[in-house]
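S.K.: With chain A fixed as given, assemble chain B onto it according to the hints.
Each protein sequence line maps, in turn, to chains A and B. Here the numbering used here is used: the first residue of the first sequence is 18, the next is one more, and so on. Here the numbering used here is used: the first residue of the second sequence is 14, the next is one more, and so on.
Treat each hint with caution, since some may be false.
[As the list claims (entries may be wrong)] Straight-line distance between alpha carbons at most 25 Å, and here's what the computed DMTMM-like set of lysine to aspartate or glutamate pairs gives: (1) B:K123 to A:E50; (2) B:K26 to A:E189; (3) A:K55 to B:D207; (4) A:K42 to B:E172; (5) A:K196 to B:D206; (6) A:K55 to B:E122; (7) A:K24 to A:D107; (8) A:K196 to B:D207; (9) B:K75 to A:D107.
If you're looking for bench data, these hints aren't it; they were derived computationally from the structure. Because the structure is a prediction, the values reported are computed rather than measured.
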Amino acid sequence: MDHRLVKRLEALIGAFEARQAQDLKRLGGGIIEQAVLKNDESLAKVSVIAYALYKILSKDHFVQSGQWPKISQSISQSLLKSVQALEKNDNAGFAKSLDSAIERIQFIDSELSNFAKDIYGKAKIKQASTAYAMGLSLSQAGSLTGADRKELQRYIGSTRIHDEQPAGLGIEQRLRNLKEVLRG
Amino acid sequence: MNENESAAKPRKKIVLDSSSLISISDNCFIKVMKHLAQKENISFIIPESVYMESVQTPARIKRFELNAIRIRDAVEEGYIKVMKTTPAMRQRMERLERETFDLCECDGEKVRLLHLGESETLALIKEINADVLAIDERTTRMLIEEPQNIVPFLQRRHEGRVSINRAALDSFRAEYGGIKIVRSVELIALSYDDGTFGEEIHRTRQALEAALYAVKFAGCAVSFNEIGNYLRKVGG
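Bound-form chain A, shown alone (with noise of 0.2 Å):
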């Protein structure tokens, strides 16, 4: 059994339950943290579901929804199944109520939602996108959390992310080499 990856599942159910949204989003980067060190796409979709709740729970028109109460209800009995499922070592039973927790995520993103949906997809792009901070390719960032590879990188370029780590050739170096390759 993973012990950590149960310590931080039950907090995120904690965080959930007491409508702890900033606490949700600071799991949720711990954990990405964890799954590029790991590269485990179990803790990478952990983290993509904390940062996904963050975001239900910051808006109001969902917690305030006459349906909330009964859709919270069932993601927290999903999570906690999922690690009923860890401490039995049944990898297959946890997978399955993650993904039942991720199926009312999107459900309730459909049902609710005013405007701007899929919350979960954005949520995958967020995560990807800080693990390419930590240092992960694109692909493998978008690899990890399921994000996908075109979005993540326009996403990425509308941070500042490459401002952070400038390219140790400007663009009028690489210019003149390229230069000199084509023209001798």
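M.R.: For chain B alone, coordinates are given in the frame of chain A:
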């Protein structure tokens, strides 16, 4: 360089990673590559997996279909060529996969920095003895050009102790360290410089500036400072 001079020189091969292809095609600059290919006598080449990822899969998604068509047209017109993955490339990719997985550790955990997609692009460069790699993605470029900066870069972003496997790094550098790299911003700058830019959009400094920022916002790993510095040199 006129057309006759260009025809007399051997064609130079530039391998495009999917990151550069996305930045360029997203911004409708793919025809710039056609003009560059003709004027500068360049063969632009992509691995088969990049073609699949950029054309075959997105062609089924309405949101991405137009871009997929642009790239497919470029391949059909012949100014972007698709190279099949050969058994030799596959062997090289497997070796790369092992080497890059051994490169970096954080608190004793090996960190997988690269993905098969990037490995395939690198393998293709070696397979066809290409002259230049066009890649907008940061991590692969850093590994090739400035591997000494990988540890401090990762260390700033991870709490644990980051270390590098010198033997694996030396092996990677011996094979791939000499690759010349450009990004989509340099391809745009080249087209401005040689006049082919003007075949797509008025060749003004404002248009150049807009084009450079457009590819940055499409995900090209270039900083605001770099673009600003370059534009100051261009003047106008």
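S.K.: With reference to the structure, classify each hint as holding or not holding.
M.R.: Each hint tested on the structure:
1. B:K123 to A:E50: 13 Å, holds
2. B:K26 to A:E189: 21 Å, holds
3. A:K55 to B:D207: Judged against 25 Å, a Cα distance of about 47 Å means the pair is violated.
4. A:K42 to B:E172: 18 Å, holds
5. A:K196 to B:D206: 10 Å, holds
6. A:K55 to B:E122: 7 Å, holds
7. A:K24 to A:D107: 16 Å, holds
8. A:K196 to B:D207: Holds, because 10 Å separates the two Cα atoms, which is no more than 25 Å.
9. B:K75 to A:D107: The hint is violated at about 39 Å.
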